[in-house]
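K.L.:
Produce the complete structure using the sequences and hints provided.
Residue numbers (my numbering), protein chains in the order written: chain A, 1 to 364; chain B, 365 to 703.
Honestly, I wouldn't trust all of these hints.
Said to hold, decoys possible - Below, a list of computed lysine to any residue pairs in the SDA-like style, where the Cα atoms sit at most 20 Å apart:
| no. | chain 1 | residue 1 | chain 2 | residue 2 |
| --- | --- | --- | --- | --- |
| 1 | B | LYS480 | A | GLY185 |
| 2 | B | LYS430 | A | GLY184 |
| 3 | B | LYS430 | A | ASP254 |
| 4 | B | LYS381 | A | GLY185 |
| 5 | B | LYS480 | A | GLY11 |
| 6 | B | LYS381 | A | LEU295 |
| 7 | A | LYS260 | B | LYS607 |
| 8 | B | LYS387 | A | TRP189 |
| 9 | B | LYS457 | A | ASP266 |
| 10 | A | LYS260 | B | GLY452 |
| 11 | B | LYS457 | A | ARG268 |
| 12 | B | LYS480 | A | GLY184 |
| 13 | B | LYS607 | B | GLU500 |
| 14 | A | LYS260 | B | GLU429 |
| 15 | B | LYS377 | A | GLY185 |
Claimed, not checked - Partial chain A-side listing against chain B, Cβ under 8 Å, derived:
| no. | residue |
| --- | --- |
| 16 | HIS9 |
| 17 | ASN52 |
| 18 | LYS260 |
| 19 | GLU261 |
| 20 | ILE262 |
| 21 | GLY263 |
| 22 | ALA264 |
| 23 | ARG268 |
In short, the hints are calculated from the structure, not lab data.
All figures in this text were calculated on a predicted structure; none of them were measured in a lab.
For every residue, glycine included, the Cβ atom is placed at its ideal position computed from N, Cα and C.
The residues making up each chain are set out below.
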Amino acid sequence: MSDLNQQTHFGLVFENFLKSIPGVTGMIMLSILIILSVFAEFFSPNNPYKNNYDHIYIPPSKIHFLDENNNFSFRPFVYKRIEEYDLETFETFYKEDFSQKKNIRFFERTWEYKLFNLIPSNLHLFTLEDSSEPFFLLGSDKLGRDVWSRACLSGRISLTLSMLAVLSSVFIGSFVGILSGFYGGLTDWIIQRIVEIFTALPALPLWIALAALIPPYMDSFDVFMIMIFIFTLLGWTLTAREIRGKVMSFAKTDFINSAKEIGASDLRIIFIHIYPNCMSHIIVVSTLTIPQMILSEAFLSFIGIGIQEPMTSWGFMMKNAQSIETLGSHLWILSPVFFIIFAVLGFNFVGDGIRDAVDPYTVR
Amino acid sequence: METVLEVTNLYKKFPYKTNFFGKTEKYLNAVNGVNFKLHKNEILGLVGESGCGKSTLGKTIVSLEKPSSGNSTINIDGEKIDLNNLDGKKFRKYKRYIRMLFQDPFTSLNPRLPVKDIIAEPLHVHYNYNKYQITEKVSEIMLKVGLDPNYMKRYPHSFSGGQRQRIAFARALIMYPKILVADEPVSALDVSIQAQIINLILQLKKEFQLSIIFISHDLSVVDLVSDRIAVMYFGEIVEIGDKKDIINNPKHPYTEALLSAVPIPNNNNELNNIKLTGELPSPLEKITGCVFSSRCAYSQEICKKKIPEFNNNIKKNHFYACHFDQNLKGINSYLEAND
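P.N.:
Next up, the structure:
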C-alpha cells in the first residue's frame with residue numbers, strides 16, 4: 001500500500017497506460033516496426049542494396065506449408081518458379097513447378113553486413129536453401145531488389161526522420177511556448193505574431209522551393225538533415241501553441257502562486273513546476289505529431305523531392321508506383337503503404353493511450 | 365499592544381479596458397483604501413461576500429500583487445518594512461516573516477512533487493541547507509502540523525483534503541514566520557475536517573507565536589477562531605472591531621445583514637434574515653456616496669452623496685463606516701428568537 005502511495009506521477013501514468021488496450025496494441029505495433037528496422041539486415045534474405053537485373057519485377061513468392069498432396073510440413077517451402085510469356089502481349093508471368101520444392105531455412109549465414117554499421121555479421125533470420133532461386137517475400141522492384149528487405153531498411157529513415165523532426169520541433173516549440181505563456185503581455189503578443197507568420201507559410205510550395213534549392217549531387221545524409229530542418233521549421237508552431245495554452249492555464253493555479261509567494265525565481269517555477277506538469281501533454285502532442293511527419297515525409301519522397309538514393313524510405317520506395325504500368329502489372333511495389341499505415345496507426349494508438357493515461361487522478 | 369502589520373490607504377486596481385495605444389482607460393477597483401492594524405498574537409478574521417476583494421487584499425499584503433497605491437508594512441524588531449519596495453535578496457530576507465496559506469489544498473500543491481519537496485521548497489529558495497538538514501527540518505515541521513514524517517516521500521494525490529491542508533500549513537510555517545495570511549483555509553474542506561483544521565490553527569498560533577489574518581466568507585468559522593473581525597464590502601473595510609462587539613453589537617447595516625444570514629441549527633422559526641435588495645455598484649465607476657447605500661435598508665439622502673467617515677467609534681477598538689449611530693441586531697437576537 002505504501003508502495004502505491006509513493007509512486008511517481010509517471011509511474012501512475014505508465015500503470016494506467018498498460019490498462020489501455022489501444023495503447024498497448026500500438027506499443028506492440030511500434031516495437032515490431034522498430035525491431036524490424038533496427039535489425040533490417042538480419043530480417044532480409046536478400047541484400048537490399050544489390051541490383052539484380054535477372055529478377056526484375058518478380059511477384060511475391062508464395063510460401064507453402066502444404067504440398068500438392070496436402071501433406072503438412074513444419075518447414076515452410078516455396079516451389080521453383082517457371083517463367084512464361086504471353087505470346088500475344090509479351091507479358092511475363094510465373095508459374096510454380098510443383099515437382100521442385102525449395103525449403104526455407106532459419107538462422108542461416110549468407111550475405112555479409114555490418115550490424116549497426118559496426119559488428120560484421122552474416123546471420124539472417126530466414127533464407128532459401130537454394131540461393132540461385134529468387135525468393136522475394138514482397139516481390140522485387142525494377143532493379144531486382146527485394147521489396148521486403150528494402151521496406152525494413154526504409155523504416156530506419158522514415159522513423160528516425162519523423163522522430164528527430166518531432167523532437168526538434170518539440171524542443172523549440174516548448175521553449176517558445178513556455179516563454180510566451182509564462183511571461184504573457186508584450187512577449188506573448190510578439191511571439192504569437194511570429195507563430196502566426198510561420199503557420200501562414202504555404203507548406204507545399206515551400207517544400208518544393210527548398211527541395212529545388214538542394215543541388216542534385218548533394219550527399220543524401222545532408223538531404224536527410226535538410227528535411228528534418230524543414231519539418232521542424234513548419235512543425236514547431238503547433239507545439240508552441242499547445243504548450244502556451246497549457247502554461248497559461250497552469251500559471252493561474254495556486255501552486256504556481258504559492259511558489260511565487262515564497263519568492264522563487266522564474267527559472268525555478270518554469271523547470272520545477274511548469275515543465276514537469278506540461279511534460280505529459282508534450283508527450284501526447286509529440287506522439288500524435290509523429291504520424292503527420294511520417295506522412296509528409298512519404299509524400300515528399302513519393303513526389304521525388306525528398307530522400308534520395310542510396311537512402312530509402314517508404315515513400316521513396318513507392319516512387320516507382322507513379323506509372324500506370326506499375327499499378328497495372330506490379331502492384332506489390334505499393335506494399336510499403338502497409339508499413340506506413342502500420343506505423344501511423346501504431347503512433348496514433350500509443351498517443352491515444354497516453355492521452356487517456358496522463359491524468360491518473362481522475363477515476364474512470 | 366504591539367502592531368506587527370500595518371496597512372494604510374491600500375488601493376488595488378486592475379486594468380480592465382485598454383485603448384488602441386495600450387493605455388488603460390478603465391480600471392477595476394478591487395481594494396479601495398483599506399486601513400487596519402494587525403496586533404501581535406491575534407487572529408483577525410476578514411469576512412465579506414464573494415468578490416469583495418478579500419483575497420486580493422491578502423495577496424497584496426504578502427506582496428503577491430503590487431498595490432496601486434498605499435502600502436502595507438510589517439514591523440520587525442521595531443523596523444518598518446514595506447515588502448513592495450524591496451526586491452532580490454532583501455525581499456527574500458523579509459519575506460520569511462510573512463507567509464500565505466492558500467484556499468484549495470487540491471490546487472495549491474504541485475502534483476508532480478513529493479510532499480518533502482513541497483514542504484521544503486521555501487528552504488530551497490531561501491537557504492542553502494544540505495539534504496540531511498532539509499529532511500530533519502521537514503520531519504520536524506510535519507510532526508508539528510500532525511503529519512507522519514514517514515509519508516514524506518508520498519505524492520499529494522495519496523492524501524485527503526485535510527492532510528493536504530496540513531501539508532500546506534507545514535510549507536507555510538517551515539521558515540517560522542511571524543505573520544500568516546490564511547486565504548479561506550477551510551472553505552474547501554468538509555465540515556468535520558474544518559473543525560480539525562481550525563483547532564490546528566489555534567494550536568499553531570500558540571506554538572509559533574503567530575499573528576494571523578484569517579480570510580473567510582463564513583462568519584461562523586471566523587467567530588470561532590478570531591480575536592477581532594473586519595467586515596469587508598466592495599473593496600472597503602466597513603466595520604472592524606473586537607469579535608464580541610461585531611457579533612453582538614454590529615453598527616454597520618451590512619454586518620447586520622451578514623449576521624442575519626448565519627445559519628442556526630434547529631431553527632424552527634421561519635428564516636427572518638435580512639434580504640438585501642438592489643444592485644451592487646459597478647466596480648469600474650467611482651462611487652460618490654456610501655458603498656452600501658444601494659442595498660442598505662436604512663439608506664437616506666446623505667448616504668448617496670457623502671462618503672461616511674471611517675473613524676466613527678463607540679469604544680476605542682470598534683470602527684465603522686456609517687453616517688448613523690444605531691444599535692443593530694446582533695447574533696444574540698436570532699439565538700433568543702430560537703429559544
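K.L.:
Run every hint past the structure and note whether it holds.
P.N.:
Going through the hints against the structure:
1. Taken as a hint, the LYS480 (chain B) and GLY185 (chain A) pair is broken in the structure, with Cα atoms around 34 Å apart against an allowance of 20 Å.
2. For the hint linking LYS430 (chain B) to GLY184 (chain A), the alpha-carbon distance of about 17 Å falls within 20 Å, and the restraint holds.
3. Distance check on the hinted pair: LYS430 (chain B) and ASP254 (chain A) sit about 17 Å apart at the alpha-carbon level, within 20 Å; holds.
4. Of the pairs offered as hints, the one joining LYS381 (chain B) and GLY185 (chain A) holds, with about 14 Å between alpha carbons and a cut-off of 20 Å not exceeded.
5. Our distance criterion of 20 Å between C-alpha atoms is met by LYS480 (chain B) and GLY11 (chain A), whose separation comes to about 18 Å.
6. With a C-alpha separation of about 46 Å, the suggested pairing of LYS381 (chain B) with LEU295 (chain A) is violated against the 20 Å cut-off.
7. At most 20 Å may separate the alpha-carbon atoms for a hinted pair to count; LYS260 (chain A) and LYS607 (chain B) exceed this at roughly 33 Å.
8. Between the alpha carbons of LYS387 (chain B) and TRP189 (chain A) the distance comes to roughly 16 Å, so the proposed pair stays at or under 20 Å and holds.
9. A C-alpha spacing of about 18 Å is found between LYS457 (chain B) and ASP266 (chain A), which places the hinted pair at or below 20 Å, so the restraint holds.
10. Taking the CA atoms of LYS260 (chain A) and GLY452 (chain B), the gap is about 13 Å. The hint holds against a cut of 20 Å.
11. In summary, the hint linking LYS457 (chain B) to ARG268 (chain A) is supported, as the alpha carbons are separated by about 18 Å, within the 20 Å threshold.
12. Pair hint LYS480 (chain B) plus GLY184 (chain A) does not hold up; C-alpha atoms about 31 Å apart against a cutoff of 20 Å.
13. The suggested pairing of LYS607 (chain B) with GLU500 (chain B) is violated, with an alpha-carbon distance near 39 Å, which exceeds 20 Å.
14. Only pairs whose Cα atoms come within 20 Å are accepted, and LYS260 (chain A) paired with GLU429 (chain B) is accepted, the gap being roughly 10 Å.
15. Our distance criterion of 20 Å between C-alpha atoms is met by LYS377 (chain B) and GLY185 (chain A), whose separation comes to about 17 Å.
16. Taking 8 Å as the C-beta cut-off, the interface hint given for HIS9 (chain A) holds, the closest approach to chain B being about 5 Å.
17. For ASN52 (chain A), the shortest C-beta to C-beta distance to chain B is roughly 56 Å, which exceeds 8 Å, and the interface hint is violated.
18. Below 8 Å, beta-carbon pairs count as interface contacts, and LYS260 (chain A) has one with chain B at about 6 Å; its hint therefore holds.
19. Because the closest C-beta pair between GLU261 (chain A) and chain B is about 5 Å apart, less than 8 Å, the hint holds.
20. Evaluation of the ILE262 (chain A) hint against chain B yields a held restraint, the C-beta minimum of about 5 Å falling below 8 Å.
21. Among the interface hints, the one on GLY263 (chain A) holds; its C-beta lies about 5 Å from the nearest C-beta in chain B, closer than the 8 Å criterion.
22. A distance limit of 8 Å between C-beta atoms decides the matter here; for ALA264 (chain A) the minimum to chain B is near 5 Å, and the interface restraint holds.
23. With a cut of 8 Å, the hint placing ARG268 (chain A) at the interface with chain B holds, because the nearest CB-to-CB distance is about 7 Å.
When the structure is compared with the earlier hints, violations turn up for hints 1, 6, 7, 12, 13, 17 and for no others.
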